[in-house]
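Colleague: Chains A and B, in that order, give the protein sequences. Here the first sequence stands for residues 66 to 288, numbered as in the numbering used here. Here the second sequence stands for residues 66 to 288, numbered as in the numbering used here.
Be a bit skeptical, because a hint or two may be false.
A pair counts as met if it fits within one copy or between any two copies, since identical chains are not told apart.
Result set (BS3-like, lysine-lysine): computed pairs, CA atoms no more than 25 Å apart in a straight line [as the list claims (entries may be wrong)]:
hint, residue 1, residue 2
1, K167, K70
2, K186, K254
3, K180, K70
4, K180, K254
5, K70, K90
6, K167, K186
7, K186, K90
8, K254, K167
9, K180, K167
10, K90, K180
11, K70, K254
Hints were generated in silico from the structure; no laboratory data involved.
Protein chains: 2
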Amino acid sequence: MTALKLHHFPICPFSRKVRLVLAEKALDVTLEPHEPWRRDERLMALNPWGEVPVLEVENHVLTESLAICEFLEERFPEVRLGGGDIWERAEVRRLALHFDTKFAREVTDLIWRQKLIYRLKRSGTVNTAALRAGQDNIRNHLAFVGHLVRERNWLAGDHLSLADLAGAAHLSVLDYLGDVPWETDAEAKEWYARIKSRPTFRALLGDRIPQQAAAPHYADLDF
Amino acid sequence: MTALKLHHFPICPFSRKVRLVLAEKALDVTLEPHEPWRRDERLMALNPWGEVPVLEVENHVLTESLAICEFLEERFPEVRLGGGDIWERAEVRRLALHFDTKFAREVTDLIWRQKLIYRLKRSGTVNTAALRAGQDNIRNHLAFVGHLVRERNWLAGDHLSLADLAGAAHLSVLDYLGDVPWETDAEAKEWYARIKSRPTFRALLGDRIPQQAAAPHYADLDF
Chain A
66 MTALKLHHFP
76 ICPFSRKVRL
86 VLAEKALDVT
96 LEPHEPWRRD
106 ERLMALNPWG
116 EVPVLEVENH
126 VLTESLAICE
136 FLEERFPEVR
146 LGGGDIWERA
156 EVRRLALHFD
166 TKFAREVTDL
176 IWRQKLIYRL
186 KRSGTVNTAA
196 LRAGQDNIRN
206 HLAFVGHLVR
216 ERNWLAGDHL
226 SLADLAGAAH
236 LSVLDYLGDV
246 PWETDAEAKE
256 WYARIKSRPT
266 FRALLGDRIP
276 QQAAAPHYAD
286 LDF
Chain B
66 MTALKLHHFP
76 ICPFSRKVRL
86 VLAEKALDVT
96 LEPHEPWRRD
106 ERLMALNPWG
116 EVPVLEVENH
126 VLTESLAICE
136 FLEERFPEVR
146 LGGGDIWERA
156 EVRRLALHFD
166 TKFAREVTDL
176 IWRQKLIYRL
186 KRSGTVNTAA
196 LRAGQDNIRN
206 HLAFVGHLVR
216 ERNWLAGDHL
226 SLADLAGAAH
236 LSVLDYLGDV
246 PWETDAEAKE
256 WYARIKSRPT
266 FRALLGDRIP
276 QQAAAPHYAD
286 LDF
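Work the whole structure out from these sequences, hints included.
Modeller: As C-alpha cells, then:
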C-alpha cells in the first residue's frame with residue numbers, strides 16, 4: 066500500500082475535495098492540519114506558496130488540488146470519479162473547474178476568504194461589500210446546480226464524480242459558515258443532502274475549529 | 066480531419082491558452098470572436114454562463130479552458146503538451162492550475178478584469194486599489210517564473226508544455242495592457258521572449274481591439 070500524507074486545513078474547500086476523493090477511493094491517508102492564516106515554514110518547504118492542500122506520495126510532493134485529484138484518478142483508477150469516456154471526462158472537468166474557478170471567484174473568495182481567512186489573517190477586517198456580493202451570487206450558482214440535477218442523477222451524469230465532490234466541498238465550507246440559502250433551490254438542496262449522507266462525508270461533518278463556530282444545522286443530515 | 070470551432074475573445078488569457086494549444090498541435094480551427102462585456106445570446110445558447118472560450122467539436126460543446134486543453138491532449142496526442150509520465154503530468158497540471166487560479170486571483174483578475182472587462186462592462190469604473198494590489202502581486206509571480214526557469218529549460222521541465230502556454234497566455238494580456246514589469250526578473254523575461262518568438266504565438270501578437278490600444282512594445286520580439 067502506498068503511504069499518503071495530506072497537508073490540509075479542515076475548513077478549506079480545496080483540501081476537502083481531495084479528502085473526499087481519497088475517501089471515495091477508499092485510500093488510507095495521514096492528515097496533517099495547517100492554519101492558512103499563519104506563516105508556516107514546514108508547509109513552505111513543501112510548497113513555496115505556503116498553501117494547502119499538499120499531498121506527499123511516493124517521495125513526491127504534489128500541490129494544486131485538481132492536479133492532485135487527476136493524479137489520484139490515474140494512480141488509483143479502481144473507483145472512477147473522472148468519467149468513463151473522453152466526453153464524460155470533459156464534462157466532469159468542466160464542472161470541477163467551474164467550482165474551482167468561477168464559483169470560487171464569485172462566491173467562495175467573497176464569503177469564505179473574507180469571513181474566515183482574511184479575518185483571521187488581518188485580525189478582524191472583512192470587506193462587507195464583497196461579502197454581500199458573494200451572498201447575492203450564490204443564488205445563481207445554486208440554481209445552476211438545481212438545473213443540472215433536474216436533468217441528471219449527479220452533476221456530470223449518471224455517476225457520482227469529481228464534479229459533485231468539488232461542488233459539495235465548496236458548499237460545505239459555506240454551509241459551515243451558515244451562508245448557503247438552501248431554501249432558494251429544492252433540487253440543489255436534495256443533491257447536497259444525498260452527498261452529505263454518504264459515509265465518505267462524515268469526517269467533514271465532524272470538523273470544528275476554535276476560531277469559528279459551525280452553523281447550528283451544519284452536521285444535521287435533515288437540514 | 067475533425068472540424069474545430071473556437072469561440073473566443075482575442076485579449077482573454079483563457080481563450081489564448083486554448084489557441085496556443087491548438088497552434089502547437091498544428092490543428093486547424095475556425096475562430097469566432099465575442100466581446101465578454103456584452104450580453105451574447107449566441108454564446109449563452111452554447112454556455113449558460115455566457116463565457117469564452119467555447120470549443121465546438123464533433124457535435125459536442127466544450128467549455129472551461131483547462132477542460133478543453135485536457136480534451137485536446139487526449140484526442141490529439143501526437144504533439145504532447147501535458148507531460149510524459151504521471152509525475153510530469155502532475156507538474157504540468159500544478160503550474161497550469163497555478164496560473165488559472167492563484168495567478169488569476171492575485172494578478173489577472175485585479176488588472177485585466179478591472180482595466181478591460183469591468184471598465185467596458187460598467188462604463189468606466191475601475192477599482193484602483195485592486196489594480197495597485199495586482200501590480201504589486203505580479204512581481205512575486207514573475208520571480209516564481211524566473212526561479213523555475215533558472216532550474217529548468219521550460220516551466221515544468223525539459224519540454225514546452227501547457228504550463229508555459231498557460232503562463233504566457235496570462236502574461237500576454239497583461240503585456241498588451243503594459244502591466245508587466247519585465248525589468249524585475251531577467252530570467253522570466255528571457256523565457257517569455259522565447260515563447261513570444263515561436264511561430265505559434267504570432268497570431269496573438271497581431272490581435273488588436275478598438276476599445277483598448279496595445280502597449281507600444283507589445284508585438285516587439287526584442288522588448
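Colleague: So, for every hint listed, does it hold in this structure?
Modeller: Each hint, compared with the structure:
1. For the homomeric pair K167 and K70, the shortest alpha-carbon distance between copies (23 Å) is at most 25 Å, but the shortest distance inside one copy (29 Å) is not.
2. In the homo-oligomer, the alpha carbons of K186 and K254 never lie at most 25 Å apart, since the shortest distance is 32 Å inside one protomer and 33 Å across protomers.
3. With identical chains, the CA atoms of K180 and K70 are never at most 25 Å apart, being 28 Å at best within one copy and 42 Å at best between copies.
4. Proximity of K180 and K254 under a CA criterion of 25 Å is satisfied intra-copy only: 23 Å inside one chain copy versus 38 Å between copies.
5. Proximity of K70 and K90 under a CA criterion of 25 Å is satisfied intra-copy only: 15 Å inside one chain copy versus 37 Å between copies.
6. Taking the closest pair of Cα atoms, K167 and K186 come within 25 Å of each other both inside a single copy (24 Å) and across two copies (18 Å).
7. Within a single copy, K186 and K90 get their C-alpha atoms no closer than 34 Å, and across copies no closer than 44 Å, so neither meets the 25 Å cut-off.
8. Only within a single protomer do K254 and K167 lie at most 25 Å apart by alpha-carbon distance; the minimum there is 20 Å, versus 30 Å between protomers.
9. In this assembly of identical chains, the alpha carbons of K180 and K167 lie at most 25 Å apart whether taken from the same copy (19 Å) or from different copies (19 Å).
10. In this assembly of identical chains, the alpha carbons of K90 and K180 never lie at most 25 Å apart, being 32 Å within a copy and 44 Å across copies at closest.
11. Taking the closest pair of Cα atoms, K70 and K254 never come within 25 Å of each other, the shortest separation being 32 Å inside a single copy and 37 Å across copies.
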